[in-house]
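Read in order, the letters of the sequence shown correspond to residues 1 to 220 in the UniProt record's numbering.
Note that these hints are calculated values from the structure, not bench results.
For clarity, every value in this text was computed on a predicted model and none was experimentally measured.
Using N, Cα and C, we set each Cβ at its ideal position, and we do this for glycine too.
Honestly, I wouldn't trust all of these hints.
[As the list claims (entries may be wrong)] The calculated label-pair distances, taken between Cβ atoms and stated as ranges, are:
(1) N101 <-> T71: 20 to 26 Å
(2) E194 <-> R165: 50 to 56 Å
(3) K96 <-> Q176: 54 to 60 Å
(4) A108 <-> N197: 51 to 57 Å
(5) Q186 <-> K56: 29 to 35 Å
(6) T113 <-> E182: 25 to 31 Å
(7) M97 <-> K130: 33 to 39 Å
(8) M97 <-> E182: 58 to 64 Å
[To be verified] Listed next, the in silico DSS-like pairs over lysine-lysine satisfying Cα-Cα at most 27 Å (straight line):
(9) K127 <-> K147
(10) K172 <-> K33
(11) K183 <-> K172
(12) K172 <-> K188
(13) K56 <-> K68
(14) K35 <-> K56
(15) K68 <-> K172
(16) K137 <-> K96
(17) K96 <-> K149
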Amino acid sequence: MYTCGFLSASVQANFPFPLLPVVQPPHTIYMGKDKYENEDLIKYGWPEDIWFHVDKLSSAHVYLRLPKGHTIDNIPPEVLIDCAQLVKNNSIQGCKMNNINVVYTPWANLKKTGDMDVGQIGFFRQKEVKIVAVEKKVNEIVNRLEKTKDERYPDLAAERESRDREERNEKKAQIQEHRKREKDEQKKRKEVEELRNYSSLMKDENMTTNEDGNDSDDFM
Numbered sequence: 001m002y003t004c005g006f007l008s009a010s011v012q013a014n015f016p017f018p019l020l021p022v023v024q025p026p027h028t029i030y031m032g033k034d035k036y037e038n039e040d041l042i043k044y045g046w047p048e049d050i051w052f053h054v055d056k057l058s059s060a061h062v063y064l065r066l067p068k069g070h071t072i073d074n075i076p077p078e079v080l081i082d083c084a085q086l087v088k089n090n091s092i093q094g095c096k097m098n099n100i101n102v103v104y105t106p107w108a109n110l111k112k113t114g115d116m117d118v119g120q121i122g123f124f125r126q127k128e129v130k131i132v133a134v135e136k137k138v139n140e141i142v143n144r145l146e147k148t149k150d151e152r153y154p155d156l157a158a159e160r161e162s163r164d165r166e167e168r169n170e171k172k173a174q175i176q177e178h179r180k181r182e183k184d185e186q187k188k189r190k191e192v193e194e195l196r197n198y199s200s201l202m203k204d205e206n207m208t209t210n211e212d213g214n215d216s217d218d219f220m
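Put together the whole structure using the sequences plus the hints.
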């Protein structure tokens, strides 16, 4: 399995040449070599992934892996432009054209059915598909991304399982922490209630003692 990983505008400060702007946290862009690898990327994508493709033209499938907690609605503009330029540059027709559209959507919205060709996808919900217009190729962006390219042969299934395992462990830890807080709060409420009952009991005993003392005075 071969994939190309690209570092977006987010990590430009790590390189010796002046590149701006800098966006934090870092973002990773990646794509497969051919339609067969695209099939694996579709199968083993992450919930944090955003899929990009040139609209109505053949192109590479480009994925942006968002940091946890981020969504398609708050992708930094510089990173969005990077992805759009990269997918345009990896389209045989699109790279020669001006004024094209690039569609993008969360990985979870990619629909794959048994009657589709290898690498072909549809969408579960069309309303979750967004469009970004690309006027023309920007060589500075494409060249910068190419300089950050890292060719890898990952085990996508193992990486996805590792990601899911980490998420399960995080959720388990959160549940345990929640239960611990609940237990501590219950203990605190019980202690407060016991203190309140004790104070009330002491007050009643004092009243009884005072009343007994008054009765004793009456007999004298």
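Status of each hint after checking the structure:
1. Between N101 and T71 the C-beta distance comes to about 21 Å, which sits within the given range of 20 to 26 Å.
2. Remark: the range hint 50 to 56 Å for E194 to R165 is contradicted by a beta-carbon distance near 43 Å.
3. At about 56 Å, the CB distance of K96 to Q176 agrees with the hint of 54 to 60 Å.
4. The supplied range of 51 to 57 Å is met by A108 and N197, whose beta-carbon atoms lie about 53 Å from each other.
5. A C-beta distance of roughly 60 Å is found between Q186 and K56, which places it outside the suggested range of 29 to 35 Å.
6. A hinted range of 25 to 31 Å for the beta carbons of T113 and E182 is inconsistent with their spacing of about 45 Å.
7. Judged by the Cβ atoms, the range 33 to 39 Å given for M97 and K130 is violated: they are separated by roughly 20 Å.
8. Between M97 and E182 the Cβ separation comes to about 59 Å, which falls inside the hinted range of 58 to 64 Å.
9. The hinted pair formed by K127 and K147 fails the criterion: a straight-line CA distance of about 35 Å is larger than 27 Å.
10. Between K172 and K33 the CA atoms are separated by roughly 37 Å; this puts the pair beyond 27 Å, and the hint is violated.
11. A hinted pair counts as satisfied when its Cα atoms are at most 27 Å apart, and K183 with K172 qualifies at roughly 16 Å.
12. For the hint linking K172 to K188, the alpha-carbon distance of about 24 Å falls within 27 Å, and the restraint holds.
13. A distance of roughly 30 Å separates the Cα atoms of K56 and K68; the hinted pair therefore is violated under the 27 Å criterion.
14. Under the criterion of a C-alpha separation no larger than 27 Å, the hint pairing K35 with K56 is consistent with the structure, at around 16 Å.
15. In summary, the hint linking K68 to K172 is supported, as the alpha carbons are separated by about 17 Å, within the 27 Å threshold.
16. For the suggested pair K137 and K96, the alpha carbons sit about 9 Å apart, so the restraint of at most 27 Å is met.
17. At most 27 Å may separate the alpha-carbon atoms for a hinted pair to count; K96 and K149 meet this at roughly 22 Å.
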